[in-house]
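Peer 1: One letter stands for each residue in the lines below.
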Amino acid sequence: MSEDDRPDDEQPAKPAGKVKPPPLSRSKRQALRRKFLRTVLLTGGVLGAGLSGFLPLVYARKPRLRPPGALDEKDFLASCIKCGQCVQVCPVQAIRLADLVDGVGVGAPYIDAREQACDFSCDAVQCVLACPTGSLTYKKPAFLETRPGAQLAAKPILLAKEDDPEPTLNFGERMGVARLTRPESCLAIKGKGFKGPARGHTFRGKMRYMRVDRWKPIRIAEYRYEVEECDLCVRECPIKDAISIETVYAPDGSQRKSPVVHEPCVGCGVCEMICPTEPGSIEIMPREVWRT
Amino acid sequence: MNAILRRRFLEQIMVMFGREPKKPEAISEEAQQIHFVKRTTNKEKLQAAAAHAEAHMNTSHKWRNRRWITLALINLFFVVSYHYDIQILEGALTASRFIGFHLIDLNSALQVMLAHRNIITNLLIGTGTVLVLWILFGGRTFCSWVCPYHLLAEWAEKIHLWLVREKLVIDQPVDRRLRTVFWIVFALLAFATGYTVYEAISPTGIVSRALIYGPGLALLWVLALLVFEVFFSRRAWCRYACPIGLTYGVVGIFTPLRIKYTLDGCFHEGNCRKVCLVPHVLDTVIKGRAVHTEVPIGPDCTRCGLCVDVCPTGSLTYEVKGLSKLM
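Line by line, the protein sequences are chains A and B.
Take the first sequence: its letter number 45 is residue 45 in our numbering, and every next letter is one higher.
Take the second sequence: its letter number 253 is residue 545 in our numbering, and every next letter is one higher.
There could be a bad hint or two in this list.
Said to hold, decoys possible - Derived DEER-like restraints, expressed as beta-carbon distance ranges:
#1 A/D112 x B/T413: 29 to 35 Å
#2 B/I391 x A/I218: 58 to 64 Å
#3 A/P279 x B/I462: 55 to 61 Å
#4 A/P279 x B/W447: 26 to 32 Å
#5 B/A484 x A/F36: 24 to 30 Å
#6 B/A347 x A/K74: 55 to 61 Å
#7 B/Y610 x A/K74: 45 to 51 Å
#8 B/H375 x A/E222: 22 to 28 Å
#9 B/K459 x A/G48: 29 to 35 Å
#10 B/Y610 x A/Q151: 55 to 61 Å
Said to hold, decoys possible - Here are some chain B residues the structure puts well away from chain A; computed CB gaps all over 10 Å:
#11 G310
#12 R311
#13 P313
#14 R389
#15 G614
Hints are computed from structural coordinates only; laboratory data are not their basis.
None of these values were measured; they are calculated from a predicted model.
The C-beta atom is built at its ideal place from N, Cα and C for all residues, glycine as well.
Bound-form chain A, shown alone (with noise of 0.2 Å):
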């Protein structure tokens, strides 16, 4: 019976001053111990769950892809509130939230570029806007150093705004770079093209097509391609300059079509979401740098 379900009648007022309280009874000691090692028993079992939070940073294999704008990977986890507001703003919900599996980073947002990019649709980078702790920022605060590579040499221009009077993204840092991890299935490369909806009929994610309307971004399933040679990943990429088909030559002095990754590359997912061949044929490295 704990001490607070006693009849009240039965708890007499403390005598005032110091008096030395009576030896406690044998069972009134085993209650109390008992009591302690339930507490223990508690106190392990909350700190033992929120340290296991640690694990999959200590397992991760790959970083995950965050979203335009965010600090570099322990700076955001640690100013993330997890608040889900840069969820609710993005116009083709290319961000989501990590689950259990991210200890940590729970609720942290993070992009599955393969499933959903982020095409900025939303030409001006709402998540940033949203964010209310500067985990996705369009200026570094000034104590935080910035990465060798991971800063863009010029603030991205939007194919989609280059006509506009500002044509560029207002974030300085890229989210990874794109690089072409299997060559062998490139149908560039190959010099095939390509006819059809670009992930299949089934592909759930979207995508705004500057041909067919500016504010709304349509499903991938119900756009079809024809082309004669497959430059998907170029012709998709929402900036600049950031990727071409180029002529490479082997070592043995053979040429080929191969799509080249440049500088301007912000890591935004879209070559990774529209490459056709399964499994896709060029990813993003996220958090990777610019090497030259």
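Let chain A serve as the given structure and place chain B on it in line with the hints.
Peer 2: Chain B alone, transformed into the frame defined by chain A:
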């Protein structure tokens, strides 16, 4: 007909013929007992006792219902704002915008600033608004009127109490100082590791996000807590662990909205302490403990109103300090 009544029968015939009635010479034992009770108590007291017994029978759920509706509406407002794109209340309970104004949960803001080791100006504005709000409405009022985990735990508590009545489980209380220890440990952990460790296990944040953005595996942790509370320790998370409760408790120290105890009418039966989430705040209702005729209940009280509902004498009421003087 016994002898006493037979004598009165004959006397009444004499009264009919003109004799004055006089005091009886003998009274039956049963009647004497009742006369004794009636001599020692008066009519008002008897009526009061009957009314009191009736008050025990008619339990009100006025404040509980109002609170549940408020809690559900606030949390639904978040959900509806997002799903129907109304954009009035955006975000989750950890941080949100209400018609553009930042609202930041105080404990989350503290964890973030400790982990980030930086005072974030935007956060300060939002925390300021929330701080003023909860100083006005009473600190831990957040717990019982807003926190969605509180409602789940309240339902789990009903199951727990039923199991206790059926003698299937026994409530295992834990040392209440643990909550203070957790508060310090999680603050230190955030500062030392640079990660908001508490935010990962906060059932308030997890449930709030699950409601708004859809359920996830993190709810398993919340389920584990509820199972612990049902089978092992009554309301363990809110009572012994949650640092958010302590943060808001501190905010509510100087708050005008609180529960007031009036000594005069109280029968000291202790029903209020049986329904209370934090019975230690109601120690003043124990016979002989009240230090004054009216005593305000302390800052750890969540202003849930269960005691107000259950009190048969109206000795516990909501009070806004100073408002009664103004009116």
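Peer 1: Next step is simple, just say for each hint if it's right about the structure.
Peer 2: Structure-based check of all given hints:
1. A/D112 x B/T413: 29 to 35 Å: holds (32 Å)
2. B/I391 x A/I218: 58 to 64 Å: violated (31 Å)
3. A/P279 x B/I462: 55 to 61 Å: holds (56 Å)
4. A/P279 x B/W447: 26 to 32 Å: Cβ of A/P279 to Cβ of B/W447: about 46 Å, so the range 26 to 32 Å is violated.
5. B/A484 x A/F36: 24 to 30 Å: Given about 27 Å between the Cβ atoms, the range holds.
6. B/A347 x A/K74: 55 to 61 Å: holds (60 Å)
7. B/Y610 x A/K74: 45 to 51 Å: For B/Y610 and A/K74 the Cβ distance comes to about 46 Å; the hint holds.
8. B/H375 x A/E222: 22 to 28 Å: holds (23 Å)
9. B/K459 x A/G48: 29 to 35 Å: holds (31 Å)
10. B/Y610 x A/Q151: 55 to 61 Å: 57 Å Cβ-Cβ, so the 55 to 61 Å window holds.
11. G310: Fine: 59 Å to the nearest Cβ keeps B/G310 off the interface.
12. R311: Correct as stated: the minimum Cβ-Cβ distance to chain A is 55 Å, above 10 Å.
13. P313: The claim holds: B/P313 sits with its nearest Cβ about 48 Å from chain A, beyond 10 Å.
14. R389: Non-interface label fails for B/R389: nearest chain A Cβ at 7 Å, not farther than 10 Å.
15. G614: holds (31 Å)
The structure shown violates the earlier hints numbered 2, 4, 14.
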